[in-house]
Each structure stands twice: as C-alpha cells, then as structure tokens.
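Peer 1: Sequence:
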Amino acid sequence: MEQKKVTGISKFLPAFGVKGWGIALMGMAFYYFYQGPLHFAINFYYGYFEALYGWTNSQLAAAITIGQLVGVAGIFVWGPLNKKMGSKKVAIIGLVGGALSTMFFAFAPSIPTFYLSVILFCFFAVAYSQIAVATFAANWFPRTRGMYMGMATMGLTIGNATVTLVTSKMVPVYGVKVTLIMWSTLMIIVAVLVALLAKNNPEEAGAWPDNDRTVSMEELMAEAKAAEEYKKRSPWTVSAVLRCKYTWTIAIGWGICMMCAGGFLGQLVPTLASFGHDPAFGIMLLTSLWPTGIIGNWLGGVADNSFGTRTASIIFVCFEIAACIGLIAAGSNPVIATLCTGTFMAAMSAFSNVTVSMVTNVFGRQDFENAWPVVSVPFKIIESFGVLLISMVAAASSFSGSYIAMIAFLILAIILMLMTTTKQIGSQIHEGA
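So for the sequence shown, the working numbering puts the first residue at 8; every next one is plus one.
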C-alpha cells in the first residue's frame with residue numbers, strides 16, 4: 008500500500024496522546040545518550056586528559072572508531088534479541104550496560120579502561136539508540152513515525168549541545184569521577200522509567216497506533232492478533248531481506264547522505280580556514296548553530312508526514328547540495344558561510360529522521376524488526392566512513408574538491424532514492440489468509 012500522508016493539526020503538532028507522548032519523550036532520552044558521556048564530550052576530554060594524565064589525542068582517538076565498528080557488530084546481537092524479547096527489555100539492558108561501562112572508567116581511569124569503556128558503551132548504545140527506538144517508532148507510530156522520529160532525534164541535537172557544556176563546567180569543580188557517575192545515574196533513571204512505564208506496542212498499553220481512535224478497541228485487538236499470527240509465517244527472513252533490492256537502495260542511498268553529513272562537519276573548520284577565516288570562526292559555527300538542528304528535526308517530521316518519506320528525503324538532500332554549492336562559491340563571505348552551515352545542519356538533522364521511516368514505509372510495521380537490523384549494518388558502515396573518506400578527498404585535491412565530491416555523492420543518493428519504492432511490500436498480514 009502507498010504511504011499515507013497525515014493531514015490536519017497533527018502535521019505540525021503531533022496528536023500522540025498521553026501514552027504516545029511518553030514513548031516520544033523516551034525516544035528523546037535514548038538519542039540524548041546516543042554517543043555517551045565520554046564520546047559526546049571527547050573534544051573536552053582530549054585536552055583535559057592530556058593535562059591531567061599526559062595522554063595524547065592520538066592515543067585516545069582510535070577508541071571512537073573501534074567503538075563504532077563494534078557498535079555495527081552489535082546490531083547482529085541486539086536485532087535478534089529485540090525480536091525475541093521485545094524493545095522494552097533490550098532498551099533497559101542497553102541503558103544499564105551503557106551506564107556501567109561509563110562507571111567502569113570513572114572508577115579506574117587509564118588508557119586501557121578508556122578504550123574498554125568507550126567500546127562497551129558503543130556496543131550497548133546500539134540496543135536503545137538504534138534497535139529499540141526504531142522498533143518503538145514502527146509499532147507505536149506506523150503512520151506518524153516521521154513526526155515521532157523528529158521529536159526523538161531532537162535528543163541527539165540537544166545532547167550534542169549540552170553534554171560537552173555540562174561536562175566542561177562540572178569536571179573542573181567535581182572531577183571526572185563524579186561527573187561520569189552523574190551521567191551514568193541519569194541513564195539508570197531512564198532505564199527505571201522505561202521498566203515502569205513503557206510497553207512494546209500500543210496494544211499492550213491499551214492505546215492505539217498513532218493514537219488513531221477511529222478504530223474500536225475490539226477491531227484493534229483483532230488486528231493485533233492477526234499481526235502476531237502473520238509474524239510466525241512472515242516470508243521476510245534475513246536472506247529474503249538481503250535479496251530485496253530496496254534493502255540496498257535504502258542502506259546505500261540514505262547511508263551516503265549521513266556519510267556526507269559527517270564529512271561536511273569534519274571538514275568545515277579547515278575548509279573555512281582555507282577561505283581565509285580564522286579557525287575559531289568555524290568552531291563558533293559548529294557550537295552556536297545547534298538550534299538549527301532542532302528546527303531541522305521538527306521540519307523533518309513535518310515534511311515526512313506531509314509529502315511522504317522519499318519525497319521529503321530528496322528535499323533535504325537538495326538543501327544539502329545547495330549548502331555545499333554556496334560554500335564553494337562564496338565561502339569567504341562570513342554571512343554566506345554561516346547561512347550555508349546552518350542550512351546544512353538543519354537538513355542533516357531533518358535527514359536523521361527518515362531512514363527508520365523509509366524502512367517502515369517499505370517493509371511495514373510487522374516486518375520492520377526483520378528488516379531494520381539487516382538494513383542498519385551496511386547503512387552504519389557507509390555512515391562511519393564520512394570523515395575519513397571526505398578528508399582523504401580533501402588531502403588528494405583540495406577542501407573545495409571535497410565538497411564537490413560530496414555533491415556528486417548526494418546526487419548518487421537521489422538516484423538511489425528514486426529507485427526505491429513508495430509502496431509497502433512487507434507486512435501483508437491478510438495475504439493468503
């Protein structure tokens with residue numbers, strides 16, 4: 008079936024209901040702790056640990072890359088567990104595991120424990136910030152998932168803006184140990200709230216998917232029973248998802264866009280410096296334009312629900328291309344540089360919503376948990392190469408050349424998006440019944 012577009016006030020102000028808003032706020036918390044207290048504030052800790060322990064950036068930097076690769080491998084663990092035990096339990100385990108991983112370094116600071124702490128955190132973070140949050144989106148908000156993801160990913164933007172700020176204020180006064188224990192305690196509090204209040208799906212909570220009360224509770228429960236029976240005979244096994252061409256158009260097309268997002272941000276400061284700006288100007292843009300990300304998160308949900316996921320995705324990519332062109336053409340102008348950076352950051356934040364939504368659109372609510380872990384692996388691998396690949400292009404050509412390369416990649420992404428269906432091919436519950 009075609010993706011339905013949401014009309015009325017819920018285009019702009021989600022009518023999730025009390026229980027639905029609880030799930031949305033929980034998603035924001037998951038994304039707030041997406042990268043963890045050490046990873047989010049790593050730029051602060053680089054200087055602090057060098058002054059305190061004599062550790063250099065080069066000694067610590069590889070921990071993040073290794074952790075991200077372990078996180079990709081973690082999808083193979085948390086995906087099947089999510090299907091077996093449900094998103095609620097997976098999220099709780101991930102949050103508690105992430106908190107304990109952070110505390111481990113707090114009580115025994117050393118380079119080996121730093122590596123172990125970051126790597127373990129990345130492994131556990133996949134459970135709640137990629138697997139559970141996405142499955143909650145598919146189950147609770149099958150039609151308004153774009154708006155849900157827009158709300159949830161605001162947590163990532165707020166986390167980027169506040170974790171480093173709070174850490175930089177607390178550590179000089181209270182020390183690393185107390186600061187990390189504070190963050191870990193907050194994660195455990197979120198885990199307790201999830202245990203007490205969350206349900207895997209709205210039917211378990213006596214609520215409606217998308218808070219759509221036009222369906223009676225009797226009809227809803229009958230549909231839920233049919234859906235559970237369908238899951239037992241779903242044709243969408245891992246091998247079937249791997250053979251589906253849309254698995255690859257989504258993973259590569261949408262993954263390229265997130266790869267370019269990392270490359271844009273990673274190369275922004277030296278690129279602006281090559282245009283004659285002081286490096287402090289680029290850093291100022293990165294740290295002060297985070298509100299554009301909040302706007303982008305919200306607009307991403309609005310566009311997804313208004314135009315459909317594929318069309319919304321292409322719109323966001325076009326804004327990213329325009330920002331790159333503007334930076335290449337007139338990056339020496341500080342006003343243009345600011346506008347282009349803000350535009351890209353808003354479009355990037357909007358785009359962070361739509362991959363989950365696109366997988367739900369194609370595979371449907373009931374087959375989402377079969378498809379999402381499979382799509383996630385190549386998607387995350389492509390995304391993780393953003394900074395490295397774009398920096399290699401810059402080194403081989405120029406900083407402007409790296410942005411030209413990003414434009415080429417983004418055009419390729421649009422082509423792959425146009426090759427992706429807008430029809431639902433999975434979750435055909437009544438087929439053959």
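One or more hints might be untrue.
Each pair of labels, with its calculated beta carbon distance range [what the hints assert, rightly or not]: (1) Asp219 <-> Val342: 43 to 51 angstroms; (2) Ala336 <-> Glu236: 22 to 30 angstroms; (3) Ala415 <-> Leu204: 26 to 34 angstroms; (4) Gln66 <-> Ser175: 36 to 44 angstroms; (5) Ser295 <-> Leu419: 25 to 33 angstroms; (6) Pro242 <-> Pro119: 26 to 34 angstroms; (7) Thr428 <-> Lys91: 44 to 52 angstroms; (8) Ile388 <-> Ser175: 45 to 53 angstroms; (9) Leu293 <-> Tyr60: 20 to 28 angstroms.
Please keep in mind that the hints were generated in silico from the structure rather than gathered at the bench.
Think of the CB as a built atom: it goes at the ideal place given N, C-alpha and C, for glycine as much as any other residue.
Peer 1: Decide, hint by hint, whether the structure agrees.
Peer 2: Against the structure, the hints come out as follows:
1. Asp219 <-> Val342: 43 to 51 angstroms: holds, 45 angstroms
2. Ala336 <-> Glu236: 22 to 30 angstroms: violated, 58 angstroms
3. Ala415 <-> Leu204: 26 to 34 angstroms: Violated, at about 47 angstroms.
4. Gln66 <-> Ser175: 36 to 44 angstroms: violated, 21 angstroms
5. Ser295 <-> Leu419: 25 to 33 angstroms: holds, 32 angstroms
6. Pro242 <-> Pro119: 26 to 34 angstroms: violated, 47 angstroms
7. Thr428 <-> Lys91: 44 to 52 angstroms: violated, 29 angstroms
8. Ile388 <-> Ser175: 45 to 53 angstroms: violated, 32 angstroms
9. Leu293 <-> Tyr60: 20 to 28 angstroms: holds, 27 angstroms
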